[in-house]
Amino acid sequence: MSKVFRRIYTYKFLLPAAIVYFVIFIVPTAMSFFFSLTRWTLSDWDFIGLQNFITFFQEPSLSIGFKNTFIYAVVTCSLKVVGGLLLGVLLTSKLRTKSYLRSVVFFPTLVSTIAVGIAFSMMMHPTTGLINTTLARLGIEGPDWLGDTSIALLSVAFVDVWKGIGFATVIYIAGILSIPEEYYEALQIDGGNGWNKFWNIVVPLSRPATNSVIILAFIGGLRSFDLIWAMTKGGPGFATDVIASIIYKQYQGGFYGLATAGNVILFVFVAALAFPLSRYLSRQEVDL
Amino acid sequence: MSRSVRKWMLEAAAVLASVVLFWVPLYFVVLTAMKSAREASLMNLEWPSEVQLWQNIKEVVAVRDHMLLRAFWNSSVLTVLSIAATVVVCSMAAFVMQRRQDRASPWIGFFVLAGLIIPPAIVPTIWVLNELHLFKTMTGLVLIEVALGFPFCVLLYRSFMATIPREIDEAAVVDGYGGYRLFFTILFPLLQPVTATVIVTQAVAIFNDFTNPLYFFPGAKNATVQLTLYNFTSQFVSQYNLLFTNILLITLPPLVLFLFFNKKIVAGMTAGSIKG
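Quick note, the sequences are listed as chains A and B, same order. Position in the first sequence (from 1) plus 10 gives the number in my numbering. Position in the second sequence (from 1) plus 557 gives the number in my numbering.
By construction, these hints were calculated from the structure, which means they are not laboratory data. The model shown is predicted, which means the values in this text are computed figures rather than measured ones. Careful: at least some of the hints might be erroneous.
[Unchecked claim] Some chain B residues judged to face chain A by a derived CB distance under 10 Å, without partners named:
1. 651
2. 659
3. 673
4. 677
5. 686
6. 703
7. 737
8. 765
9. 771
10. 815
11. 823
We put the CB at the ideal spot given by N, CA and C, even for glycine.
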């Protein structure tokens, strides 16, 4: 690059972004490693070593967060992948109501998560909620969706999928539409059926879309907080507590060091799962 | 069964599913917002004996000394300021990031990607804001939104910048343009399509943001629309009609955006993700 262009493309353009990003994001992230080792009141801190982390792993009400976070991320992510792919196929086929259906599937993505959470927790009310009264009319006794500790997490995950599947679908639609027409023509010459088209062409060739959906949905699932908080506040008991909601609870309780330790754990958790996953997925893509 | 019949049935099933899964919840929200408190508490799909939507709106707006109006004002200010700052800051950064390749480039790319993946550290961020006297201030929250939106937006801008030929820069330099004039008078206007995408996607994200105002903008005076809605859940335990009126009111702005910019939003979201 010539000297003139080095002056034209000066790093001064990067400076405002760099300052904001550094001060607001990088510095707190770096500081979190230190403050997670302290008992902390914002104005004052005591160094207590790994005590916060030990508490996190030993206290059942805290360590349940690992399991729940993982389950929540896996369930929402896999449902979004499968559902998004199927909806993507459906919404790229020749339907008359295609654009209507696309809008309907996508719209929940834009609605406030809190609003969705409140509306669904009303509908999931065990006795008067819309879901169970409808089931009762069909002669089925519906469970206590959000009150039963064994299914509460899954109920919230279902609402998460309802809200987020439009995004996955849109990515799949873009991926499926970018598959060259020749593949379908070749399949027709070879006499393949609809199943072959789906399994041998659409699934492997929309692989980049699948990878994006997996990564985005999985990371989103690991970090999710607002929907869970709006619907159950981590309850009943600690049945739907994830790491992010535990961080908020500890923050509210004034345990800043412990909350920060939670942040560090979430950081490590996300990084340890997301980086290898993305590397694995991108390697698969090359092999294709 | 012939192909066309099967296709017709598939389509009918899809439309039916869309009605059950989408229109029924929406209908439920609208219906409840129109009812009296007593009828709303039944949580059913029956038509209200008396439609009192307007009365509910007036009532919910008046709650806690017109808190909702203040929340709408706060959310609007937050959204507009954050987007304005994001557009300027991210487009400038993307310009250099895309045009200039040197030893620093991989590092910059690494930090940007890290920002997409890593959750922000909450209490240390509060601590930093506190040290800067920006905690519980609009300025502080705007900075948060800009910093956390930066990785996504800068990637959008960067991939669009790559489609603008470098010859334009060279011609401008020959004509004696400096960096700032080149960027602000020639390149920035060319970025208009992606700027529109950034504005629309960020508008939805920031207007709907709950977590960041919850942590970094506490206090009754500071409420944003999502926080008000959340706070009302405890106040309106026996007044679901008002709660749902509130839901309806704060869903309107994104709905309007959706009606006008549907394509733009979808384009932006896919552009950001497919390239990864």
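| query | How about residue 686/B: closest beta carbon in chain A under 10 Å, or not? | reply | Holds, about 8 Å.
| message | Using the nearest Cβ pair, does residue 771/B come within less than 10 Å of chain A? | response | holds (8 Å)
| request: Would you settle whether the hint for residue 703/B is holds or violated, based on the nearest Cβ-Cβ distance to chain A being less than 10 Å? | output: Nearest chain A Cβ about 5 Å off; hint holds.
| message | So, as I understand it, the hint says residue 677/B touches chain A; can you test that by seeing if any CB pair is closer than 10 Å? | response | holds (6 Å)
| request: Would you settle whether the hint for residue 659/B is holds or violated, based on the nearest Cβ-Cβ distance to chain A being less than 10 Å? | output: holds (8 Å)
| request: Classify the hint on residue 823/B as holds or violated, based on whether any CB of chain A lies nearer than 10 Å to its CB. | output: holds (5 Å)
| message | Take the shortest C-beta to C-beta distance between residue 737/B and chain A; is it under 10 Å? | response | holds (9 Å)
| query | Should the interface hint for residue 815/B be scored as holding, given a Cβ-Cβ cut-off of 10 Å against chain A? | reply | holds (5 Å)
| Should the hint that residue 673/B touches chain A count as held when the rule is a Cβ pair under 10 Å? | holds (8 Å)
| task | Mind checking the CB of residue 765/B against every CB in chain A and telling me if the closest is under 10 Å? | result | It holds, given that the least Cβ distance between residue 765/B and chain A is near 5 Å, below 10 Å.
| Is the interface hint for residue 651/B satisfied, with its Cβ closer than 10 Å to some Cβ of chain A? | holds (9 Å)
The earlier numbered hints are all upheld by this structure, with none contradicted.
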